[in-house]
Amino acid sequence: MKNRYIVSIIIIIGVALSYYLNVTTETSPLKEISDQKNIDIVEHHRKQNIEQFKRSLSPEISESEFFEMIVDFAVDPHEILKAKKIPLEKVKKHIQQGSKEILTCLPNLCGAKRTKDGLLQEHATLAHQSLERYLEVLIANPNLEGHSLFNEDTFLTILAIPNSTIQSHTLTLLNQSILEGSIQVNQIVDKLVGEALPKLIGQLSNQEETKSQALDLASEVVKNADSYSIIILAQNLTQVNLSEVELTDLAKDTCHLKNTKGEERNYKMVSHLFNKKAQEMGETLNWLELCP
Amino acid sequence: MKLINILGLICLSTLNTAISADPYKITDEMSEEEQKEVRSLRYHDKFNSPWLTLNNNYKTSGPVFNYNDDSQTRYSNNLVTLMLQESHKVAVRYLEAGDHQAYYTFMIAGLAVPFHEGLYVQFRVRDNIGNPCQESINDGTKMKNANARVTFQEEILAGNNPMALPCSSFENQEVLKQVLAGGGDGSDLGVMQISTAYYQKNFFAKNLIYSTRQTLRFGLNYVLHRNYNKGFGEMLANFNKKEEYSCLKDEAGNLIPENLIKATWARYNGGQGANACRFTLRDEEGNYKDKRDRVFAANLRRTLELDQDDKPMGNQYFGMLLTPSPYLKNAIKEIVQNFKNGTNNRTHLNQIDQLSFPQK
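The listed protein sequences correspond, in order, to chains A and B.
Counting from 1, position 291 in the first sequence corresponds to residue 291 in my numbering; the numbering is continuous, with no gaps.
Counting from 1, position 52 in the second sequence corresponds to residue 52 in my numbering; the numbering is continuous, with no gaps.
Next comes chain A alone, as it looks inside the complex (with noise of 0.2 Å):
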């Protein structure tokens, strides 16, 4: 009798440990949720999410209503202020701390990871992309006079970020002291990355005080820098205002890639974009006068 009892138990505890081997652990995600019905998922996953991110940050602006807005993607940084009545002052305010602790986090990437599979983002980290919604939310809303929210450095530290989103949206913000001289061109372009600096250039050549300054820079960059740079301006010519001669004179200054070795199809990419320009003038480049 004893004996069936043993049995007995030791077949109860197989039987459990088989349910517990192969079902349990199989669904024990399922049981998780099931555990947490209570609580918002979306909100946890949003905690878990952010919470790295926000380890590099005060609680101040961490746990702000603000800030939830930021990092939720759902929520058009262009509606943000339509959307909760938050006083202007406190906007200004949370934006300008805000971004100074992202800016001092950033080197070390505000807590990102790579992912399970290696993918790391570097320069368009949640971090980036709250910092482009914060510039996002300062363009769209020019009462919280976001040219003036930070000094001089603090703006010139965030161009330096290698994000042309960024940097064009702060270009955006600028783009009245960039044109007016307290925002020096030179010490800002060698930092610009991708489309932000045609951008820049394109905010100069719109304005007759400026547009020298446009065209010098034109010029400097298809003179001197790296072909990929020289093909992005070529691309985003349309922004630039220039005339038939000054586009006849930048397209001189392209003849440099003709003649090195190893530029041939640079040459022949920028030469078929400045025809493009051209074409859009009613104009057309004749390359074998331009660089015979």
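Honestly, I wouldn't trust all of these hints.
With a cut-off of at most 25 Å between alpha-carbon atoms, the simulated DMTMM-like pairs for lysine to aspartate or glutamate come out as follows [as the list claims (entries may be wrong)]:
(1) B:Lys241 - A:Glu195
(2) A:Lys113 - B:Glu244
(3) B:Lys289 - B:Glu251
(4) A:Lys268 - B:Glu244
(5) A:Lys268 - B:Asp250
(6) B:Lys89 - A:Glu195
(7) A:Lys84 - A:Glu132
(8) A:Lys258 - B:Glu96
(9) B:Lys241 - A:Asp253
(10) A:Lys258 - B:Glu251
(11) A:Lys93 - A:Asp72
(12) A:Lys211 - A:Glu246
(13) A:Lys92 - A:Glu79
(14) A:Lys90 - A:Glu101
(15) B:Lys241 - A:Glu101
(16) A:Lys261 - B:Glu285
(17) B:Lys241 - A:Glu263
(18) A:Lys211 - A:Asp249
Calculated directly from the structure, the hints in this document are not laboratory data.
Chain B: place on chain A using the hints.
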């Protein structure tokens, strides 16, 4: 007490049978037909894990792979056309500039990357037999990365008509539509395996995953070609000047197009900061240091064999084989041969909608 014993024994025996039965096992006793069936089960089920089952009311756009179709020609034609059109849209700038080597290099990348990333499939339908809906994929709990989980919760599960639902919602559905969800934990979606961890704002928040064309467009243009100014375009322009691109040129300083494709994919896989020449690194035994580069190199090699009639397009093991109509096969052959021979023949390519380009 006797009854409990008997019940216990029955339970244990049933469980043990379930544990020990290996549905994939092929034995000598099996007939050839049975062995074939098991092999078929293998590739269907092995490819089961990385699929996200879609809400029946969620609208998708683009070809849907169906194992039950005797002919895959319609699927193949649709997908190949989309791939060629979207690659051409990105690469045509090179053709316009007279650089057909760059054009065909990108066109090859446009064939190799969707194959490597997504086995030429974004959406599929399959019978709801054998639990093809995986709970931990469909509720996002399998995802390791916190960014990915948030994207999943906010863009895939949220809204009035969410893209995915819990598996229990599909119990009475005979056929399931699924989207490829790889990355080991379901965090990379679609034929280009777009990462939910990194592209929430620019891709998933815009719901571009609903469309195979949009997914190809985003993957080929935004990630593969541009990649934050560190993709194909930048490497092609600067390969002969930057030390970090030394693997992209031969001793004479000429571009090695195959290596440009490998480098472009290395950054597609690892992000803008990834070592473009990662694929040249070897361990002490001479093997690829990163096995992902080995697999991509093999898939690129297979892509470059598509000008041979006996080489299938796709992966036989997973049953993801493409059988496009002859006019498309000829167009693909033309791409491969132009790439290999440095030519620019477009007899077949120009017959495809949106690919027409005057032959110079």
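Hint by hint, where does the structure go against what was stated? Just the numbers, ascending.
15 and 16
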